[in-house]
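A.B. asks: Protein sequence lines, in the order shown, are assigned to chains H and B.
Take the first sequence: its position 84, counting from 1, is numbered 84 in the working numbering, and each next residue is one higher.
Take the second sequence: its position 292, counting from 1, is numbered 292 in the working numbering, and each next residue is one higher.
There may be inaccurate statements among the hints.
As the list claims (entries may be wrong) - What follows is a set of in silico ranges between Cβ atoms, one per label pair, in the way DEER data are often shown: (1) 191(H) / 72(B): 16 to 26 Å; (2) 262(H) / 143(B): 44 to 54 Å; (3) 94(H) / 132(B): 25 to 35 Å; (4) 95(H) / 72(B): 54 to 64 Å; (5) 83(B) / 130(H): 48 to 58 Å; (6) 181(B) / 201(H): 21 to 31 Å.
Hints were generated in silico from the structure; no laboratory data involved.
Even for Gly, the Cβ is constructed at its ideal location relative to N, Cα and C.
One letter stands for each residue in the lines below.
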Amino acid sequence: MMPARKLALFLLLAPAVLWLGLLILLPHVEILILSFSERVGPRVYAFGLGNYLEFFTEPLYWRTFARTAVMSILVTALTLVLAFPIALYIARVAQGRLKAMLLLLCLLPFWVSELVRTLGWMMLLRETGLISYLLQRVGLASQPVEMLYNDGAVILGLVYGGLLFMIVPLANALESLEPSVVEAGYDLGGSRWTVLRRIVIPHATPGIVAGSIIVFMLTVGNFATPVLLGGKNGLWFTEQIYAQFITRFNWPQGAAFGMLLLVLSSVIVWLGLRLSGQSLGTTLRQA
Amino acid sequence: MRAAMAPSSDLDLLSVTKKFGSHSAVDDVSFSVTQGDFFSILGPSGCGKTTLMRMIAGFEHPTSGDIRIRGKSMVGVPANRRPVNMVFQSLALFPMMNVGENVAYGLTCRGVGKAEAEQRANRMLERVGLKGFAERRVTALSGGQRQRVAIARCLVLEPTLVLLDEPLGALDLKLREHMKIELKQLQSTFNTTFVYITHDQSEALVMSDRIAVMNQGRFEQVGSPRELYHHPATPFVASFVGETNRWTGEGTGGTRIRLASGGEVQGVELSHAKSVVCFVRPEAIALSSSEESLSSLPNRFAGRVSAVLFDGANSSLLVEAPGFEQPLRAVLPQAGPLAGIEVGAPVHIGWTADAMRVFAA
Ligand SMILES: Nc1ncnc2c1ncn2[C@@H]1O[C@H](COP(=O)(O)OP(=O)(O)O)[C@@H](O)[C@H]1O
Ligand SMILES: [Mg+2]
Chain H
1 MMPARKLALF LLLAPAVLWL GLLILLPHVE ILILSFSERV GPRVYAFGLG
51 NYLEFFTEPL YWRTFARTAV MSILVTALTL VLAFPIALYI ARVAQGRLKA
101 MLLLLCLLPF WVSELVRTLG WMMLLRETGL ISYLLQRVGL ASQPVEMLYN
151 DGAVILGLVY GGLLFMIVPL ANALESLEPS VVEAGYDLGG SRWTVLRRIV
201 IPHATPGIVA GSIIVFMLTV GNFATPVLLG GKNGLWFTEQ IYAQFITRFN
251 WPQGAAFGML LLVLSSVIVW LGLRLSGQSL GTTLRQA
Chain B
1 MRAAMAPSSD LDLLSVTKKF GSHSAVDDVS FSVTQGDFFS ILGPSGCGKT
51 TLMRMIAGFE HPTSGDIRIR GKSMVGVPAN RRPVNMVFQS LALFPMMNVG
101 ENVAYGLTCR GVGKAEAEQR ANRMLERVGL KGFAERRVTA LSGGQRQRVA
151 IARCLVLEPT LVLLDEPLGA LDLKLREHMK IELKQLQSTF NTTFVYITHD
201 QSEALVMSDR IAVMNQGRFE QVGSPRELYH HPATPFVASF VGETNRWTGE
251 GTGGTRIRLA SGGEVQGVEL SHAKSVVCFV RPEAIALSSS EESLSSLPNR
301 FAGRVSAVLF DGANSSLLVE APGFEQPLRA VLPQAGPLAG IEVGAPVHIG
351 WTADAMRVFA A
């Protein structure tokens with residue numbers, strides 16, 4: 001009886017274990033090992049911390065790294081601020097078909113690939129694009145305006161890409177808030193702001209944290225959006241990884257950068273959880 | 001207008017109507033509640049009680065009519081500015097706050113400092129018997145304790161009016177009986193005006209100073225529990241408040257009424273109406289094993305016990321009698337000589353003429 005049970009359990013878990021082992025754990029172990037190997041001669045590698053030292057000694061690398069972290073936090077915060085009223089509307093005001101429609105509307109941009117979506121933004125924002133043209137027509141600009149290749153364009157594209165992943169967990173969390181609890185908040189003399197601050201936001205915290213973690217991770221690891229919308233000024237850390245692996249063919253250096261990015265996401269997610277007093281378990285349940 | 005609003009009245013509704021589409025959930029309701037009263041609104045589910053209460057609290061707006069609290073019109077005053085607090089059907093405690101914070105919430109909304117709000121919340125918790133519970137999570141409380149937190153949260157604000165929307169509905173029977181008494185005691189010690197809504201007539205009868213019986217958006221009758229019970233103004237009140245026997249029949253022009261099922265009963269008022277309904281309370285029906293002891297009663301029938309509904313002090317008999325379609329229900333005193341009566345035994349029943357209420361149908 002018991003061995004049969006164990007076997008069944010093993011068979012059931014096998015696909016998941018294989019999935020985790022082959023596709024996630026193994027490559028990362030490989031990358032981790034790779035990141036500690038230094039090139040000492042042509043095709044000769046030795047164990048060492050050189051790749052990590054390189055990161056700290058070359059300002060371009062750690063500045064790009066810091067910039068990626070700060071911008072990603074900014075993008076996450078902006079996405080949260082934008083998504084909150086939308087999620088509030090979807091969860092508490094919209095009913096039935098309207099609700100489904102609105103969620104579908106949020107989903108719609110994801111029908112096309114990220115690349116095409118970003119190219120769409122380029123068409124709108126470039127010097128000869130629609131917005132530039134309209135600004136000239138209205139008379140707000142006297143010559144073509146270039147809106148691509150700056151931080152604003154990068155942030156815009158990233159926020160746009162993250163919005164859905166913030167709205168869904170937020171709307172989920174807000175939906176479970178009993179209407180009478182909100183009414184009680186008003187009934188006892190609370191203003192809109194008090195009710196939002198003391199009742200709605202605390203209730204939605206697991207959703208806020210879940211959405212923020214997802215958006216932050218997607219943003220930090222994004223490649224196409226900063227490259228296409230930021231151009232040379234994009235300076236996203238993933239570009240550095242790409243460059244090391246593909247352009248410079250320096251895999252160990254790229255592997256070290258990859259590990260650093262992983263550590264960065266983990267540390268910031270951990271900090272976020274600590275600051276909001278949430279545990280990973282409840283957060284995952286919300287997402 | 002002014003005469004209707006004596007200075008002692010805390011709440012006045014003047015012809016309040018609320019329509020959802022073409023359906024009137026509340027239809028031309030007027031009443032006043034005196035300072036310090038325990039006022040109940042009693043009616044079946046869906047009759048518009050919650051809608052009425054939400055209009056007083058400020059969550060719904062009357063289609064027409066006026067709501068005044070201590071003489072001040074509340075039209076256009078938002079819910080958070082009204083001197084009214086509500087105990088919700090689901091209680092609606094704030095799960096993200098502990099018990100003390102729940103009670104202090106309203107005070108901090110008013111700008112009372114944190115320390116003072118905490119102190120006042122603690123004092124209030126002590127008064128409702130929850131001393132030392134301030135740090136507990138609301139989810140860690142029993143049903144009765146949650147109830148008290150919900151009430152403390154209102155009372156700490158010293159409102160003119162506390163509204164309670166079927167707050168005992170979620171409790172089990174034993175606790176409900178206990179909370180009835182406790183609520184009434186709380187209300188009288190705080191001397192705050194309570195407006196209590198319920199579909200349970202026993203809750204209303206036990207606790208209230210005055211009761212309004214509501215049906216399909218309208219008030220049928222407003223009065224003391226005794227008035228409603230003994231002098232119902234409408235057939236609806238007669239059948240909704242308390243247990244009763246009900247027959248339809250036809251007036252004879254005199255005080256006698258011919259029942260549709262064939263029997264004849266004797267009332268006090270002359271009745272000419274073609275079609276009438278009569279009501280007799282089960283406790284007004286006298287039971288006896290001999291006919292002679294009932295000889296003074298104008299309504300006397302010989303019947304047979306069809307069921308004994310034993311329920312301690314509330315036990316009753318169902319008696320089948322010729323001329324009545326349904327068995328009659330009569331209270332069976334457990335201290336009386338008939339306490340041990342069995343199904344099938346012959347029994348005599350009777351009642352006085354003034355025990356019967358007759359309405360034109
Ligand atoms: N927001 C609303 N929209 C439409 N109809 C409503 C609304 N609220 C209540 N009603 C209707 O009004 C009537 C009275 O409801 P309610 O006041 O909740 O009754 P009660 O509390 O006595 O059970 C019901 O028929 C209900 O369907
Ligand atoms: Mg109701």
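A.B. asks: Which earlier hints turn out false for this structure, listed by number in ascending order?
C.D. replies: Checked against the structure, the hints that fail are numbers 3, 4 and 6, while the rest are satisfied.
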